[in-house]
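Asks: The chain contents come next:
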Amino acid sequence: DAGITQSPRHKVTETGTPVTLRCHQTENHRYMYWYRQDPGHGLRLIHYSYGVKDTDKGEVSDGYSVSRSKTEDFLLTLESATSSQTSVYFCAISEITGGEAFFGQGTRLTVV
Amino acid sequence: KQEVTQIPAALSVPEGENLVLNCSFTDSAIYNLQWFRQDPGKGLTSLLLIQSSQREQTSGRLNASLDKSSGRSTLYIAASQPGDSATYLCAVPMYSSGTYKYIFGTGTRLKVLA
Chain G
1 DAGITQSPRH
11 KVTETGTPVT
21 LRCHQTENHR
31 YMYWYRQDPG
41 HGLRLIHYSY
51 GVKDTDKGEV
61 SDGYSVSRSK
71 TEDFLLTLES
81 ATSSQTSVYF
91 CAISEITGGE
101 AFFGQGTRLT
111 VV
Chain Y
1 KQEVTQIPAA
11 LSVPEGENLV
21 LNCSFTDSAI
31 YNLQWFRQDP
41 GKGLTSLLLI
51 QSSQREQTSG
61 RLNASLDKSS
71 GRSTLYIAAS
81 QPGDSATYLC
91 AVPMYSSGTY
101 KYIFGTGTRL
111 KVLA
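Chains as they are written, first to last, in my numbering: chain G, 1 to 112; chain Y, 1 to 114.
Each hint should be verified, as a subset may be incorrect.
What the hints assert, rightly or not - With a Cα cut of at most 20 Å, we get these calculated EDC-like pairs of lysine to aspartate or glutamate:
no., chain 1, residue 1, chain 2, residue 2
1, G, 11, G, 38
2, Y, 42, G, 100
3, G, 57, Y, 56
Said to hold, decoys possible - Derived DEER-like restraints, expressed as beta-carbon distance ranges:
no., chain 1, residue 1, chain 2, residue 2, range
4, Y, 29, G, 62, 26 to 32 Å
5, Y, 59, G, 80, 40 to 46 Å
6, G, 9, Y, 83, 33 to 39 Å
Source of the hints: derived by calculation from the structure; they are not laboratory data. Predicted model, so just to flag it, every value in this text is computed and none were measured. Note that CB positions come from ideal geometry on N, CA and C, so glycine has one too.
Pulled out of the complex, with its shape left as it was, chain Y reads as follows (with noise of 0.2 Å):
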């Protein structure tokens, strides 16, 4: 069974600090991996989502990779901005019964501070 753990839970950083996110999967064997901001009240944004054959995927200021053999993503945020304060989600694709569901981590909660 697919397990997705983001440590820490919350961060606070100054304003400008470059900084990693972290996910970790328990089953290697995974078909892509998605990373998603969530705004307080808001539904899901998707950021990123790099394929099992990628080792990284960039937009803008945000850089994700991946390394399936340690069972790994990072999310690389940066200059971080106070506008970046948000709670991160990463989701891995589960196969089952046909169908791919998607299993999330319980996210980390950043702040940037001004």
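Here chain G stands alone, though its shape is the one from the complex (with noise of 0.2 Å):
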């Protein structure tokens, strides 16, 4: 398995407090992801990095960011927790883009 691990793995928070997630990776890839799962939505990619310090948005970014100071580490922060944000959310990497990607094993968030 590659070596990703997103912590915590579960977390309950109040509406309108931060929130910060972390992936860490060993593998030394370049591209890390993070994406959220809904029933019914499917995963959706929230931001991306290409590189150290080099992020960019995806598809549903509104109250999200994110920073990468290192290599192995993708923050992702709610500045303001809601409840349309409880979902699971994952970190993915890949080593070249559109390469093959690896994903961890998901952070359960609830905010209520």
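Both chains are given apart, each in its own frame, so use the hints to dock them into the complex.
Replies: Okay, here's the thing in structure tokens:
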């Protein structure tokens, strides 16, 4: 299995609080992605990174920000969590753009 | 805009049956196509990656085919087992702003009955 660790694995937070999810990889892959998975919507891209300090928005980026200060870490921040951000969040990596993607185990986030 | 569809959404078969899962995409100019398996509460596990120049890719009891002209890929599972029960997703990379992003189908939930 690809070395991808997401933390925390589960989190319950209150509306309006900031939340940061972490993705850590040991594969030295250049590309990293954050997806959310919701019933009826499947997997949707939030943000992605194509190198250290190089990030861009995906399909559903409103309310989220990201940072990548090291190759191995990609952080997803919800500045002020809302109930609509209750979801399962997945991190993915790929060595080359469009290459085989590998996923982490996911973080289940509940905003109450 | 690339759209990926998987039909049926759910499938239930008896153990030992050979089965085919379908994945359709609207833009035939794809770079590759990847099949994943997802167990309940778990992440996605990569099963097969089939390049745009390939027609088939095999791994054990799994065989993925690709027909770009018709916008279809199929995942064939031979001699299905209860352990194959999971959701199967396909994904296609879509190119924009200098990078490929993966577009996913909503998956087929497979149940293999013992």
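Asks: For each hint, tell me whether it holds in the structure or not.
Replies: Going down the list of hints, with the structure as the test:
1. 11/G to 38/G: holds (16 Å)
2. 42/Y to 100/G: holds (19 Å)
3. 57/G to 56/Y: Distance ~33 Å between residue 57/G and residue 56/Y Cα, so the pair is violated.
4. 29/Y to 62/G: 26 to 32 Å: holds (29 Å)
5. 59/Y to 80/G: 40 to 46 Å: holds (44 Å)
6. 9/G to 83/Y: 33 to 39 Å: violated (24 Å)
This entry does not satisfy hints 3, 6, going by the numbered hints stated previously.
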